[in-house]
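Trainee: One letter stands for each residue in the lines below.
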Amino acid sequence: MCLGIPGRVVEIEKNVAKVDVGGFLRDISLDLCPDVSIGEYVLIHTGFAIQKVDEKEAEETLDLLIKMAEGI
Amino acid sequence: MSEEKILLAHGSGGKLSHDLIKQIFLPQLANPILEPLDDSAEIMNREGHLAFTTDSYVVNPIFFPGGDIGKLAVCGTVNDLSMIGATPSYLSLSLIVEEGFSIDLLKQIISSIHEVAEQAGVNIVTGDTKVVEHGAADQLFINTAGIGWIRSGVNLSGVNAKPGDKILLSGHLGDHEMAVLSQREGFKFQSELKSDCAPLNDLVRKMLDACPSIRCMRDPTRGGLATTLNEIASMSNVGIVIEEEKVPVRESVRGISELLGLDPLYLANEGKLIAICPPNEEEHLLDVMRDHPLGRDAEIIGKVTEENRKKVILHTLIGGHRILDMLTGGQYPRIC
Amino acid sequence: MKFVDEFRDKEIAEGLIQRIRKTSTHPIQLMEVCGTHTVSIFRYGIRGILPEQIQLISGPGCPVCVTPNGDIDLAIALSRQKDVIITTFGDMMRVPGSTSSLQKEKADGRDIRIIYSSLEALKIAKEHLEKKVVFLAIGFETTSPTIAVAILRAKEEGLHNLFFLNSQKRVPPALIALLQSKQVRIDGFILPGHVSTIIGTAPYQFIAKEFGRPAVVTGFEPLDILQGIWMLVKQIEENRATVEIQYRRVVHEEGNPIALSKIYEVFEKDESRWRGLGLIPDSGYRFKESYKEMDVRNLEVEVEPPKEHPECLCGEVLQGIKSPLECRLFKKICHPENPIGPCMVSIEGTCFTYFKFQ
Chain C
1 MCLGIPGRVV EIEKNVAKVD VGGFLRDISL DLCPDVSIGE YVLIHTGFAI
51 QKVDEKEAEE TLDLLIKMAE GI
Chain L
1001 MSEEKILLAH GSGGKLSHDL IKQIFLPQLA NPILEPLDDS AEIMNREGHL
1051 AFTTDSYVVN PIFFPGGDIG KLAVCGTVND LSMIGATPSY LSLSLIVEEG
1101 FSIDLLKQII SSIHEVAEQA GVNIVTGDTK VVEHGAADQL FINTAGIGWI
1151 RSGVNLSGVN AKPGDKILLS GHLGDHEMAV LSQREGFKFQ SELKSDCAPL
1201 NDLVRKMLDA CPSIRCMRDP TRGGLATTLN EIASMSNVGI VIEEEKVPVR
1251 ESVRGISELL GLDPLYLANE GKLIAICPPN EEEHLLDVMR DHPLGRDAEI
1301 IGKVTEENRK KVILHTLIGG HRILDMLTGG QYPRIC
Chain G
2001 MKFVDEFRDK EIAEGLIQRI RKTSTHPIQL MEVCGTHTVS IFRYGIRGIL
2051 PEQIQLISGP GCPVCVTPNG DIDLAIALSR QKDVIITTFG DMMRVPGSTS
2101 SLQKEKADGR DIRIIYSSLE ALKIAKEHLE KKVVFLAIGF ETTSPTIAVA
2151 ILRAKEEGLH NLFFLNSQKR VPPALIALLQ SKQVRIDGFI LPGHVSTIIG
2201 TAPYQFIAKE FGRPAVVTGF EPLDILQGIW MLVKQIEENR ATVEIQYRRV
2251 VHEEGNPIAL SKIYEVFEKD ESRWRGLGLI PDSGYRFKES YKEMDVRNLE
2301 VEVEPPKEHP ECLCGEVLQG IKSPLECRLF KKICHPENPI GPCMVSIEGT
2351 CFTYFKFQ
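Protein chains in written order, with this note's numbering: chain C, 1 to 72; chain L, 1001 to 1336; chain G, 2001 to 2358.
Bear in mind the hints are in silico, worked out from the structure with no lab data behind them. Here the structure is a predicted model, which is why all the values come from computation and not from measurement. Each residue gets a CB set at the ideal place from its N, CA and C atoms; glycine is no exception. Among the hints, a few may not be true.
[What the hints assert, rightly or not] Simulated pairs of lysine to aspartate or glutamate, EDC-like, Cα-Cα distance not exceeding 16 Å: (1) Lys1022(L) - Asp1128(L); (2) Lys67(C) - Glu2052(G); (3) Lys2132(G) - Asp2295(G); (4) Lys2002(G) - Glu1251(L).
[As the list claims (entries may be wrong)] A short, non-exhaustive set of chain G residues, derived as facing chain C with CB atoms under 8 Å: (5) Ile2114; (6) Ser2117; (7) Gly2139; (8) Ile2198; (9) Thr2201; (10) Ile2258.
Construct the complete structure from the given sequences, taking the supplied hints into account.
Mentor: Following this line, the structure appears as C-alpha cells:
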C-alpha cells in the first residue's frame, strides 16, 4: 500500500540498477527482484525494485479496457 | 581555484571590507549610481507610482543546475516588481556570509548577479556585506530589495479577477524545486533538469503591450501554482477552475513527483508566471507569450468563476474534480 | 510515462463509468483498504463520477494512521537522546504523539532525518559509528521486505549501531478484524495493489471463502481503480465471491517469493496494536532471535504514558464506522495545520481527505 512507480532498467551493476523514470535516472536495488535485464520495466518502491512489470499483461489489460469502454 | 576564504574582518568595515568592494563587487557591478559608494544611493525621482519589494534568499544548495543563489536573488526581485506592472530599475544587494566561505565562490556568485542584472537591464545601486562566525549562517544568505516605476495604463492586482476571466500559465511547473532537490543528499537522481530561474520583465512588458487590461500577474514561487491561485481566489472573492490536462509539467518532474509523493501543483517555480486576462483576450495573449523564449510552452489553463468563491477547483485528467487547497505545512515526500 | 499515462486516459475512463452505471443495479458499499487508493481516488475525483449508489469507504490501510501514539512517543523520546539520530520516511514527521511530534522535535534541534529508502539508514549508520541510528520501520508488506534487506545487510556487515523501531503491520489480519466487526457493512473489497505484489492472493482467500465477499486486487491509476470497481460490481450482481486480480501487470498469485523469504528470515508474525482497531493477532512482526539486537525496544528509554485526545474519532473513522463529519473536533480544532489525530496528518488519512474535498 505504498507508492510504486514503473521505470525502465538502463544499466545493471551487481545488484544495483540504473532505472529511468520519465527521463531521470535513479539507482535502484535489485535485492528483491534480481532477475531483470536491461530494457525491462520494474516497479519501484522506496529505492527497491519489488516486481517486474509484465508488458504483455499491461497490453492485455489496456486492450480489455479499450474494448470495455467502446462496448456501450 | 584559490584557497582564499572570507574572514570576519571582511565584514568589519575596515580595509578588508574595502578590498572586497574594490576587488569583487565594483568590477562586476559598477554603475554611476553605485560608484560614489556613499551610505545611500541617490536616485532621480520620476512621475508615477513607485513599486518597492524585498526578498531574502537562503536556498540550499547555493549552486544548482540552471543557477545559483545570486541569480535567484536578482530574478526574484525583478519578477516581484514585474508582477505589479513595474519596470524594474534599481536593486540593493545585502550579503550575510559565513566565515570561511570561499572567495572564489563569492566571485562566481557576483558574476552570476552581474550577468542576470545585465540581462534584465537593472542596476545594483547599493549594498552591504556582513560576515558572521562559522556556524552562524549556512554559507551565504542574500537579501535584495528593488524599486521600479509602474507603467501607466496598467492596474495589476490580486483583487482584480472577475468571473469570466481566463488564466494563462507561461510554462512547465516544478523545474526549479526539482532541480534544487536533485542536488540534495538522499535524492541522488541524474537528470537534465535545470532550474527555470529567469527574469520575466521582458516577457511581462510584451504581454502588457499586447494586453494592457490584464487583471493580475503572479509568479508561483514557494507553495506553487495552487497556493498562488488560492491567494487570488481569496483576494478577489471569486472561484477558479483549472483543467489538469492543460497544466504543463515535464515528464521527468512528473516522474520524480510520483516517486517521492509530491504534487507538481505545489512545487516552487522561479521563472514562470500566471496572468489573468479579460475574456476574449486570451488567445492573442497566448500567442504573444509563445513568441517569447520564456513563454514557449504557455497554456490557457483555466478560468475565473462566479460559483465556489474563494475555492480553486481542479478538473482532473479523467473528468472528475477535486478542490486544490493552499499548501499546508510543507510537502514532505511520502512513501505511502 | 509508460505504464502510467495509458492508465489515465479520459475517454476510456468515461467508457468505464458508463459500463459501471449499466452493470450496477442496487446500492453497495465497497471498501478501499489502502491509503494509496484513498489518495488516488481523491486525486482524480473518482467518488464524484461514480454512480451515487456505489459508496466507497476508506479502510485502515494508512500505516501512519494506524501507528499507536506510544510508538511515536517512543521515537520522540529516542530523538531527545544526544547520541541518537532518527531516520524516517517523510510521512511520520507531522503525526502528533501524546504531547509533541517529530517535526516539533526537529525544530527544537533534534537530529531527525527524512530518508527515502531503508538503505539510507544503513549508510547514515556507517557514517556515524559514534551514534545510534534508529530507523522508524513503519509500513505494510510492500515496505517490509525493504526493511528486512537493510537488517540483513547490517548484520552481514557487522554494524552494531543501527536499530529499528518496528511498527510494521500486515493487512490480511486487519481485514479479518473488520469483517468480524458487525459495525460496518462492506459488500466488496478493493485490495491493495502493491502489498499484493509481495504477498500474492492466497492470504485473501478467506474474504471470499469464509465471509462470502468479492475482492479485487487493484492498481492505482484511475483506469485500474475503475476497472477494479467494475469487477466487484459484476461479481456482486452475479452473486459471486472470489478473489480476482485487476493489477495483472505486477501482481501474480504467488506474489514475490524472494521478498517474502527476506521478511521471514528476519521476522516472525506477532500480534500488533492498531490505532482504532486495537490488538490484532498476527497483524505485525517481532524480530527473530538472531536479529533481536537491532530491536530498538531493547534500549533503555523513558517514554511518557500515551495520551490520545478523548474526542478524537480516528479509531472509528479508520474502521469506516463513522465519518469525519461526525467528529466534534473536525475542522473546528483539528485541521491540517493543527492535527489532533493521524487521520488528519496523513495525506491518505480520511479526515485530511474530507477536509480538502469539502
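Trainee: Is it true that the CA of Lys67(C) sits at most 16 Å from the CA of Glu2052(G)?
Mentor: violated (25 Å)
Trainee: Does Ile2198(G) pass the interface check with chain C, least Cβ-Cβ distance below 8 Å?
Mentor: Cβ of Ile2198(G) sits 7 Å from chain C, so the hint holds.
Trainee: For the hint on Ser2117(G), does the least C-beta distance to chain C fall short of 8 Å?
Mentor: holds (3 Å)
Trainee: Below or equal to 16 Å on CA atoms is what counts here, so check Lys1022(L) against Asp1128(L).
Mentor: Cα-Cα ~13 Å, so holds.
Trainee: With a cut-off of 8 Å, does the beta carbon of Thr2201(G) approach a beta carbon of chain C closely enough for the hint to hold?
Mentor: Interface hint status for Thr2201(G): violated (14 Å vs cutoff 8 Å).
Trainee: With a cut-off of 8 Å, does the beta carbon of Ile2114(G) approach a beta carbon of chain C closely enough for the hint to hold?
Mentor: At about 12 Å, which exceeds the 8 Å cut-off, the nearest Cβ of chain C leaves the hint on Ile2114(G) violated.
Trainee: Would the pair Lys2002(G) and Glu1251(L) pass a check requiring their Cα atoms to be no farther apart than 16 Å?
Mentor: holds (10 Å)
Trainee: Against chain C, run the beta carbon of Ile2258(G) and see if the smallest gap drops under 8 Å.
Mentor: Holds, about 6 Å.
Trainee: Under the criterion of a CB-CB separation shorter than 8 Å, is Gly2139(G) in contact with chain C as hinted?
Mentor: Result: holds, 6 Å to nearest chain C Cβ.
Trainee: Need the status of pair Lys2132(G), Asp2295(G): alpha-carbon distance at most 16 Å?
Mentor: holds (12 Å)
When held up to the earlier numbered hints, the structure conflicts with 2, 5 and 9 and fits the remainder.
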